[in-house]
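Using the hints, position chain B against chain A.
Protein sequences appear in the order of chains A and B.
Here the first sequence is numbered in the numbering used here, starting from 1 and rising by one per residue.
Here the second sequence is numbered in the numbering used here, starting from 1 and rising by one per residue.
Keep in mind that the hints were calculated from the coordinates and are not lab data.
The model shown is predicted, which means the values in this text are computed figures rather than measured ones.
One or more hints might be untrue.
As the list claims (entries may be wrong) - List of simulated lysine to aspartate or glutamate pairs, DMTMM-like, C-alpha gap at most 20 Å:
(1) A/64 <-> A/53
(2) A/103 <-> B/104
(3) A/106 <-> B/128
Each chain is listed here by its residues.
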Amino acid sequence: MTAPSGLVRRGNTQRALKNHVFKWFCGLCAAISVVVLGILLTSLVMQGWEHLDWDFLRSAPSRKPKIAGIGPAMWGTIWICAACAIAALPLGVATAIFLEEYKPVKPPLRRLHSFLQLNISNLAGVPSIVYGILGLTAFVQMFGMIGNLNDPALTVGTPEDWYYFQLPFGRGVLAGGLTLMLVVLPIVIVSSQESLRAVPGSLREGALACGATRWQMVWRMTLPAAVPGIMTGSILAMSRAIGEAAPILVIAGIVFIRFTPHHLMDEFTAMPLQIYDWAGRPQEEFHKVAATGILVLLTILLAFNAFAVLIRQKFQRPLQ
Amino acid sequence: MTHLPASTSSQGKTDRSQPALVTPEVLIAPPARPTWIAAAPHARGSDDKAETTLRISSFCSWYGAFQALHEIELAVPKRRVTAFIGPSGCGKSTLLRWINRMNDLVPSARAQGTLDLHGEDLLSRSIDVVDLRRRVGMVFQKPNPFPKSIYDNVAFGPRLHFRMRRGDLDGLVEQSLRQAALWDEVKDRLKDSALGLSGGQQQRLCIARAIAVGPEVLLMDEPCSALDPKSTARIEELIADLRERYTIIIVTHNMQQAARVSDVTAFFFEGRLIEDGLTEHIFTNPTNKQTDEYISGRFG
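So here's chain A without its partners, still in its complex pose:
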């Protein structure tokens, strides 16, 4: 076949060369990030290896770096992340279902819907320190409207009981968990919405055409199909919550805590705060302890991410 007359052919060698150059350029960019991660991990392992043992995971922080451990901070993280997950997942998934599956048809409601949608997408970009301050006023002090921290308006039990509860919450586990919920809620909502949106419309139509109500359609068709995506997104959101330092710093402050929390109002510290504390100390030895703490934190985060990948691969069946 001959080329149409009047057209100049592009040189084949030149096109092949461009293709080649661009391939190497992209490969190089990818390599840079991998190398940076490799350097980071290597230096952390070299610094932190010395202190890494079971005692480090169990024991409390100390003024002596040799016996300092991350135990209370790890338990504090577990407590606040559990509170965060229990609060954020139902709220986030329900909001996503509302926004995605109950889209209103009438114009005024549609405008309200897109206004809500826009705001939630924007919330995902708000710096987490802002949520910390919001959590401080809303959860820790409850706007100062019902009592103050020294004289709570409502108490259930005494601080020795496991079920101790007070209003306002104070600088406790519950306030920390709910503040983290504010941080991750937009992420959970947006990722759940995306996985609901990925369910083909033909399945929705099919379910409705069988006579399903909206709720039956969501519960029996779209939600089961979207669960792997929702879980992946939620796990990634939780791994963000584990690593958050700024909002927790506002809620709990840098405190020297030697015990694990006993109830939802108990004071706590979290792993990022403990690492921040160690890294800021003048003694060289504590910097090594901080590196060990980072190793533990990174291990937990990588485990979470690996779990998310596993779920995605295992459960994401092809949907038409």
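Chain B in isolation, oriented as in the chain A frame:
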């Protein structure tokens, strides 16, 4: 117009006024062949005595400011196959999707006029669309089996509407699959994923799913356009069988298909119903020039 022959009054269709009392046995029992249709299946469309199931009158529909349908007047006969033909964008699918109110999902869609199903106006606000969609089933252009097992696909509808014992449900699933001419091919792998079936099998599964809830009317929106000729032939045979029990409306782009499967044909063009009547008349002796040109392939 809703006088049922005595032989069919207790069969097949469930009593709408008391949905809670529906027993699975009623659903499972094969509807008796009405006596007045005894000459079928080869006497297609040759009798004018057929009752009207759905009467469409002065029906208009809009998408936003665009008027998709103008003043449609049409009677859909009971237990016959009615074909909607016409070029793309002529409004035939729109009309089909109003009959089970699937257009409720389209934000800008609205309609006026009457769609009269046994004296009930399907457009009225008081209609329960969930129950309407149980009585008016739908099969889509592209087979859309659910990502579940074959069994669960067919059982999906009945589980939405009825509380059934396991054995009754098994019977209903078998019955529906037999009616859809799929039972022999899938009876040994009911627990397998429906997505593993071939395209034609998937479409017959969708038909089984639609008839499992005991509808009266079946809407088919170009059910064969995504299938190969052999699968198409099987679906057409199936439609010929199903017309003994269901009122079927089929939208098709394939005029040979309309001529083969339907008793009554309605030709739509640019949102208007140009001509309707017995299929053999429409295809052999159309009164309208546009119909003649479309059918003979001169446009569309």
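Here is what the structure says about each hint:
Between the alpha carbons of residue 64 of chain A and residue 53 of chain A the distance comes to roughly 16 Å, so the proposed pair stays at or under 20 Å and holds. Distance restraint check for residue 103 of chain A and residue 104 of chain B: the Cα-Cα separation of roughly 12 Å lies within the 20 Å cut-off, and the hinted pair is therefore satisfied. Our distance criterion of 20 Å between C-alpha atoms is met by residue 106 of chain A and residue 128 of chain B, whose separation comes to about 19 Å.
Comparing the model with each earlier hint shows no violations; every hint is respected.
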